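Got chain A; can you put chain B on it based on the hints?
Those protein sequence lines, which keep their order, are chains A and B. Taking the working numbering, the leading residue of the first sequence gets 4, the next gets one more, and so forth. Taking the working numbering, the leading residue of the second sequence gets 10, the next gets one more, and so forth.
Rather than coming from a laboratory, the hints here were simulated on the basis of the structure. From a predicted model like this one, the values you see are computed outputs, not experimental measurements. Everything hinted at is true.
Think about it this way: if two alpha-carbon atoms lie no more than 25 angstroms apart in a straight line, the pair counts; the simulated DMTMM-like pairs of lysine to aspartate or glutamate are: (1) B/269 - A/449; (2) B/361 - A/475; (3) A/436 - B/343; (4) A/187 - A/53; (5) A/252 - A/162; (6) B/320 - A/75; (7) B/361 - A/462; (8) A/375 - B/372; (9) A/366 - B/343; (10) A/401 - B/344; (11) A/436 - B/372; (12) B/361 - A/419; (13) A/436 - B/395; (14) B/320 - A/418.
Label pairs and their in silico Cβ distance ranges: (15) A/74 - B/374: 42 to 48 angstroms; (16) A/401 - B/105: 53 to 59 angstroms; (17) A/59 - B/70: 49 to 55 angstroms.
Built from N, CA and C at the ideal position, the CB exists for glycine as well.
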Amino acid sequence: MAAVTETIEAVQSVAEGGYKWGFETDIEMEFAPKGLNEDIVRFISAKKNEPAWLLEWRLKAFALWQTMEEPDWAAVNYPKIDYQDAYYYAAPKNKQGPKSLDEVDPELLRTYDKLGIPLREQAILAGVEGAGDSPSEGRMPIAIDAVFDSVSVATSYKERLAKDGIIFCAISEAVQEHPELVRKYLGSVVPQADNYFAALNSAVFTDGSFVYIPKGVKCPMELSTYFRINAKSTGQFERTLIIADEGSKVSYLEGCTAPMRDENQLHAAVVELVLLDDATIKYSTVQNWYPGDAEGRGGIYNFVTKRAACRGARSKVSWTQVETGSAITWKYPSCILQGDDSVGEFYSVAITNNRQQADTGTKMFHIGARTKSTIVSKGISAGRGQNTYRGLVKISPKAIGARNFTQCDSLLIGDECGAHTVPYIENRCMSAKVEHEATTSRIAEDQLFYCRQRGLTQEEAVGLIVNGFCREVLKELPMEFAVEAQKLLAISLEGSVG
Amino acid sequence: MNAIVNNNAAGLLGRADALATPAWAAETRAAGIAALRAHGLPTRRAEAFRYTDLAQVAQASFGENSPMGARGLGMPSLPLTRGAARLVFVDGVLRGDLSSLPPRPLSDAQALLGGLTSLPTQPIAAMNAALFEDGLFLDVPEGEDAGLVELVCVVTGARGAIGFHPRHVLRLGRRAKLTLLDTSDGAAGLAYLHNPVFEISLDEGAELAHVRIQREGRAAFHLSSVHCAIAAGATYDNFTLNAGGRLARNEIHAALNGPKAMCHMNGAQLVGDGQHADTTTVLHHAAPDCGSRQTYKTVLTGKSRGVFQGKILVSKPAQRTDGYQMNQALLLSEEAEMDSKPQLEIYADDVKCSHGATVGALDPAQLFYLRSRGIPQQAARSMLVEAFLTEATEGVGDEACRAALSEAVTAWWAQERA
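Extracted from the complex, chain A is given alone in its bound form (with noise of 0.2 angstroms):
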């Protein structure tokens, strides 16, 4: 009933709807000179005081992403982008290093009230708009680590973590804190040169999250960064590393807005999960950068490599992802299911209108014995929007005993969008199962009757059926973020019902 009622309410907002996230913030930044070049990344290198094992690493980088080529195959289509025309370093000023969240410029602090992100230890729940006037006894918060164009401006609850030996930070202060971990892990899920923007981002990352849970530790809350891209010409290139060791826990939430822009920004970040024996992680993203205007005027190109390794026996990870951001997606969370009995999943809404162009999916590698996945795509395109399901499937020999089932459902709005579905499955394992299925269809007139014939009006009709659509993966969201989801799935289909 509640989820109706919230529904409900999520359509009617629709009316006031549009992209609230939109605005900028006035703040006193520092650039890098525009362009890129062997310079800009020695320069954000010295930035952050790197030591000279990571410079080496982001030549490296550099050099590989020169000799690579754009991909082209995915299902979007953007003008050619100008790397040299854009900034690959704008922080605000003032910020020499970690501080405490004293100490953070208050008009950041003004930034992420007004986008319903509390930075401050003693707000209770995040990034739920409404939901604040009865918050539920006893909930755990949730820490967040604010990324701010190209640094980490804050992170909350490090104390109360650090309790528990778990290590929640920037990554560029896990650089200089952990160099060790960081040395060991980084670019081991995603190596430098594994696609054109993931070499990019391994050249010019600036920051993004760090996260070390020890053995045996089930984190006792909600882990969260939140993207914000606010300078001009700026791209975003963001880092996240996590590493779940054996038997540990942790859920990590991300979310992402940027402000309105006739100009195009471009977001290519890397993220890399390890997990070790029985390690969970739990990864859940809505996704809500400015997806341009209704003639695609501007968005943010959101080029993401994200991929998990569950190096560990009975490790089991969860990508989760609503999808409703951005002027063009590209990316496809993976997991590479290496240990035995380790299990990967993956819950995915997708929803392209206007011009809005989404190419997402996942790759589900099974090489360790009785590995099992899940894959459940929900795409929907309104408007003039293009939506494609592209995923992998593949069954090493030795995964004896595998199994995977997808399922990939295609909701068409309107008669000028697009929807695509391209699965590919290789099993190369006799004793291996793979079940494949996938649906597109419009929303039936019958059910829209019905409906209509209970005193529901088009639009609440329509937030109805789609919200009874996407079900599947919003349950797998946390309590808040299901809120939020449902909000911006009414909000992002706005104009879409006719």
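Only chain B this time, still in chain A's reference frame:
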């Protein structure tokens, strides 16, 4: 042209240049040569060929005078299917003495040649265009039921490791009907190439049932492609058994161009040790109210590889499309591999399209059920494999064709079991 030096199709191009080309075939041949010259044969870098590498075809050499010491194949007894008209090609040459249908020269089909192919992106058709010499031309007039026609291609080995590239053109007038049973057989151990291309036009309300049995010798290459344009209310019903050859690729490109047209594409791939079988379908829904059904089954034994790629493209005008595709594979060996890539590309909103794919071994529970009732392991396996394949073959309407298919399946399984 320096490019030719590095072109992996140089051998084929050399043969094409040596062919005498009659005027009616000149345009098609020139287009084929141009496409091969520009693109060569695809390697696995080409998306449409990521699972099947044609480079090995480029490395083999085919000619009329390159006997490979192969074991010859006696002419099969060729029992005449009841009432069927028949055309027989032996070693690539049409044999009037064995045929019961007065052949119509392919030159009469000049106006239809090359109309349905897109050579730069279809290398199998390009290879055929560059090298074709003969083929079947069947033109069924409006309203006529042509019954069952058999097209038989046999390679005996008498002319060595030939490469032959027949171009078959079929046109069915309005409400015309035809059942075409098309079989390919060949000598074992002979590395020949059979590269048939069909161009099929179906006018309004026409019905074509096209049953294909590909049973080439185990050392042969079979690269075939079917191109079919289906007008309003017409039906194209294809069943392909892909069972022979070292490397076999069967492509179907069908377009539903008029309202209420139908397309059925079904098939079975029987892939034994050392074989590579690929079925690739591209179905274009270009008009409203059309339907399509596809069911493909693959059984793999030994060290083998099966490929299925099936794309359903629904263009914007194709409202109220009903499209369904299922492909299933049974792995009977630890060394077998199945690669499957179903694909939906949809630009119309009032559609119902779905596809499904499964890959796995025989269900142990089903085996246990049969064994617990006293059925020996081997027999139980046979029953389950047969049942798996029957789901695809039972849709074939023509009795004679169904019998021929069933015989081919049984013979294959008997051989694999041994």
